[in-house]
Structures are given as C-alpha cells and as structure tokens.
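Q: When you get a sec, could you build the whole thing from the sequences and use the hints?
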Amino acid sequence: MLIKKADDIHSSEITPKDLYLNRRKFLAGAAMAGAAAAGLGLNELLAPSSTVQAGEKINGIQKSPFSTTERVTPYNDVTHYNNYYEFSTEKEEPADLAKNFKTRPWTVTIDGDVSKKQVQDVDSIMKFATPEERIYRHRCVEGWSIVVPWVGFSLSELIKRAQPLGKAKFVEFTTLYDLKQYPGQQRQILQWPYVEGLRMDEAMHPLALLCFGMYGEVLPNQDGAPLRMVVPWKYGFKSAKAIVRIRFTDKQPNTTWNLANPPAYGFYSNVNPNVSTYHSQSTERRLGEFLKRPTLMFNGYDQVAGLYSGMDLKKNY
Amino acid sequence: MIRWIKVVVFIACLAPLAWLMWRFFGATPRDMSTWGVGLGANPIEKITHATGDWTIRFLLITLSITPLRKLLSVPALIKFRRMLGLFAFFYACLHFTTYIWLDKFFSLHEMLLDIAKRKFITVGFTAFVLLIPLALTSTAGWIRRLGGKRWQALHRLIYVSAILGVIHYLWLVKADIRKPLMDGAILAVLLLYRVVVWIGPILKKRRQTLPSRQAEPAAE
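Protein chains in written order, with the working numbering: chain A, 7 to 323; chain B, 22 to 241.
Mixed in with the good hints there might be a few duds.
Derived DEER-like restraints, expressed as beta-carbon distance ranges [stated by the list, open to error]: (1) A:Pro268 with B:Arg166: 48 to 54 Å; (2) A:Arg77 with B:Phe127: 24 to 30 Å; (3) A:Ser73 with B:Ile32: 48 to 54 Å; (4) B:Ile136 with A:Gly316: 46 to 52 Å; (5) B:Leu89 with A:Thr74: 53 to 59 Å; (6) A:Arg299 with B:Met53: 17 to 23 Å.
Note that these hints are calculated values from the structure, not bench results. Ideal placement from N, C-alpha and C gives every residue a C-beta, glycine not left out.
A: What follows is the structure, given as structure tokens:
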C-alpha cells in the first residue's frame, strides 16, 4: 500500500504540521529543555547514575503542554490492572509475576531502513533527550480508560538519531521474547514475540512517546519497563512494552493483535467511538468512576487528525 | 434430613454472591468511598465476570445431577435439581442486570444495537431468555398443568441455553480461550452422557432384531 507519494525530501525532514503551526511554543519549549539538559549534564558529572530500578525517582523531569489536567488514576490501579499477556491474561497477575523481571542490562536494536543502525543500551537511550512528564489519557480496546503521568520523550528524538532512509514508511516495535521470564509466552495465546507498529508520520508525531517512567519514577516492570511506547490516540495494545527492537521498514508490519483477529483489530486502531468491531467503543469507563463517559475521537487528541486526512477511518480502523 | 441438606446447599449457593458483596462493601460498608476497592481497579468488570462465571457453573452443576444420580445410584439428588437450576437463573439475572444497568445504564437503544451487532451479546442474550420459561415453569403446579412429557420437553431448553452460554463466553474472550474451553469440555461430557443414554437402547434394540432376521433363513 502506497501511503504517500515518493519525493525528494526525506520524510524524516518534514516538520509535522502542528509542530510547524506551534513553532513559537516549540522553540520556547526547546530552550527550556536545553537549559534543563545542561543542568542534568552537570548533575551527571557530579554523581553519575548507576543502575536504574523500578520506583526510583527520575531527575530533571520537565512539564509538557501535551498533559491533560484530568484527575490522574491512582498509582495502585495503574500497577495492578495490566493487560500484559506475556505474564498473564489475568489483569491482576502481572504485578506479582513481573517482580523479578530483569530490566538491566537491556539493549535495543535499531535497524532496518536507517542510515545509523545501532544497538543501544537503554540507559543511553534515556539520555537522548530531556525527560518530560506527559499526563495522557489511555484508552483500552476493552472499554476502560485511565489517566497516567508517563515519563519519556517524543519517539521522534530517537528516530532523528537513527536517520531513517526515505523509503522507511513504517516503524516496527518488538517486545522481548523470553520463555523463562515471561510465563505467558509458553502458550501460543498470541504470536510471540509481540510486535506493534506505526506509520512513519504517526511515529514522528510529537505525541508518540518513548516512555521509561511514570508518576515521576522509573517504570514498574508490569507497566512495560524498561522501555515502552505510549501512543495516546490509539487503543492501548498499540503501545508495545519492554521493547528490544525498533525496526524501520517500507512495509506495513504484521502486528500481533491484527494477526490474532484481523477483523477486530486493525493496524491503525485509532480510538474511534464510531467504529465498533469487538466491543462497543462509543463509551468507556474511567477507572474509579461509576458512570461511563463518551469516548472521544482520537481519544481527544484532535491534533493527530491531520495524519489521516483523506483516509476513510471506517475502513482503515 | 433432606430438608436440612437443602438449607445447607441453599446457603452454599449464595456464597459466590456473599463473597462479591463482602469484597465490594469491604470492612466499612458505611463508607461509600471504599466501595468496590476490594474488587480491584475495575469492580464492575469483576462483578460482570463473576456473575457470568457462576451462571455457567450452576448450569453445569444442574446438568450433572441426572448423570450423578444414575452413576452413583443416589436418586435423592433429584431433589436438588430445581434449586440449582433456579440458582443458575438467579446468577444469570444478576449478570444481565449488571449489563443493562452498569454497562448500558438502561439505554434501550444501546442495548438493541449491541444485541443486533455483537454476536457474543446476541448469543448470551438468547441463552438468558431461554432460561426464563424454565424458571417460570419450575413449580410442581406447572409440571401438573403441562403434563410430565411436555414439561420435560420444554426443560430440554437448558441444553440449548448452556451451549449458547459457553459460546457467549468463548466469543467474548479476546485470546485466552482456556476457561471457556474448560466449561465447554465439561458441558460436552454432560451432553454426551445424554446422547449415550438416549441412543444406547435404540442401538441395543436394533442389535437384538437384526441377528434374529438373519438367523431366520438359517433356521429353515
């Protein structure tokens, strides 16, 4: 499927439209981020950090204009209600099963259609940019939602460093495959390892977050440590956890849930109250609330609408 | 004696509900802010799943009464069948209520859309509706009014309801179908027993009649 006409400009060089429209704000943010990075560098020189563990404070976190002011879901709910089938299909179980999950040493392979193929230590990836707190709505395809203060930075920071070739049209994320650490992988409930993907322009959108923390701390294991994606305008399963590989490709990746049940889980899987395949998606239950609330198009992140202009979202769900 | 056992069984059948309520209201039932906490991050989902699970379990228990009383030679077990069947209906009602109240908030439009569009809802709804006439005609008076044969024929609907119930479960599960398959396997054994009981005598009769016909010419 041809998404965009090929042209001379690398797609990675094109400024996303809303970043362009908000360039003043962006510049101000960049200036702040730069200052903070300098501060962080000094801190690092004075006291270099050793290994990072879940629950440890992350220093130098910046606020983000992308954050919602909605009530944040309690930490205990976000850490004890996890769809993480590599551990278990019961949502209460990953909290316990992930206790001894090894997140260090951890490397991420960045390869495929990029000029700078590399294998990076997760601790160095975390230093690619200033960590930001992004308080996002998170909507599961099962009809519940949470509000989580994630910590990370735009995936575009990593993509820019990898320098994708012009032909790279998609980014594919692969989760760890480890039968010893992931009891759930011993059964073929899904095709392992878990694979997710985004179209290049989706991946470059500043909202797409490369995440390594939440609630100001290092990500707990059951929430996808040490490195995960957070794509807030898509259903939760689009955000791969415990990523070991980021591959750039010209073909749409075969994603795990799409393979498991193609009519139910499309490649795009944007939050869309008008398209209901498996469950009704018109409403959702925010954890902790009794009444259901209407689900918003793109989960309320209208700024991504431009990515899909001209596309029939009822067909490309 | 039977009467006292019935009381015990009745109380035991209420245990799943008691457990749910205990977990829901917690140690301080007057403090509304703690409601649901004991059932985890999504108490309504937990209640929906638990009441659904127990509906299927009680249907399976009810269906196992006849095989058990025959195989174990405990005919008195029949005295518990109605109660167990009604408990299946009771948990089905709770399950259905959580759906129309806590999921759809009595929006008829939403429900009809759901029943029409989502096949697991269609099937589950049908399974529930089929139980209603069985619960209504579960009294001795109705057995008399309908006559034993017709009453029995009507109550065979429980087979259909149980099958649809398991399909409902199978279709709603996203990927891990272990639990619905387990229920399905138990149901299959219980239904197979009936097929054997039903077909066995017919085959026996045939076997008895066939050789005699073949034997006739030889005898001449």
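Q: Please go over all the hints and tell whether each is borne out by the structure.
A: Here is how each hint holds up against the structure:
{"no.": "1", "hint": "A:Pro268 with B:Arg166: 48 to 54 Å", "verdict": "holds (52 Å)"}
{"no.": "2", "hint": "A:Arg77 with B:Phe127: 24 to 30 Å", "verdict": "holds (26 Å)"}
{"no.": "3", "hint": "A:Ser73 with B:Ile32: 48 to 54 Å", "verdict": "holds (52 Å)"}
{"no.": "4", "hint": "B:Ile136 with A:Gly316: 46 to 52 Å", "verdict": "violated (35 Å)"}
{"no.": "5", "hint": "B:Leu89 with A:Thr74: 53 to 59 Å", "verdict": "holds (57 Å)"}
{"no.": "6", "hint": "A:Arg299 with B:Met53: 17 to 23 Å", "verdict": "holds (20 Å)"}
Of the numbered hints listed earlier, the single one contradicted by the structure is hint 4.
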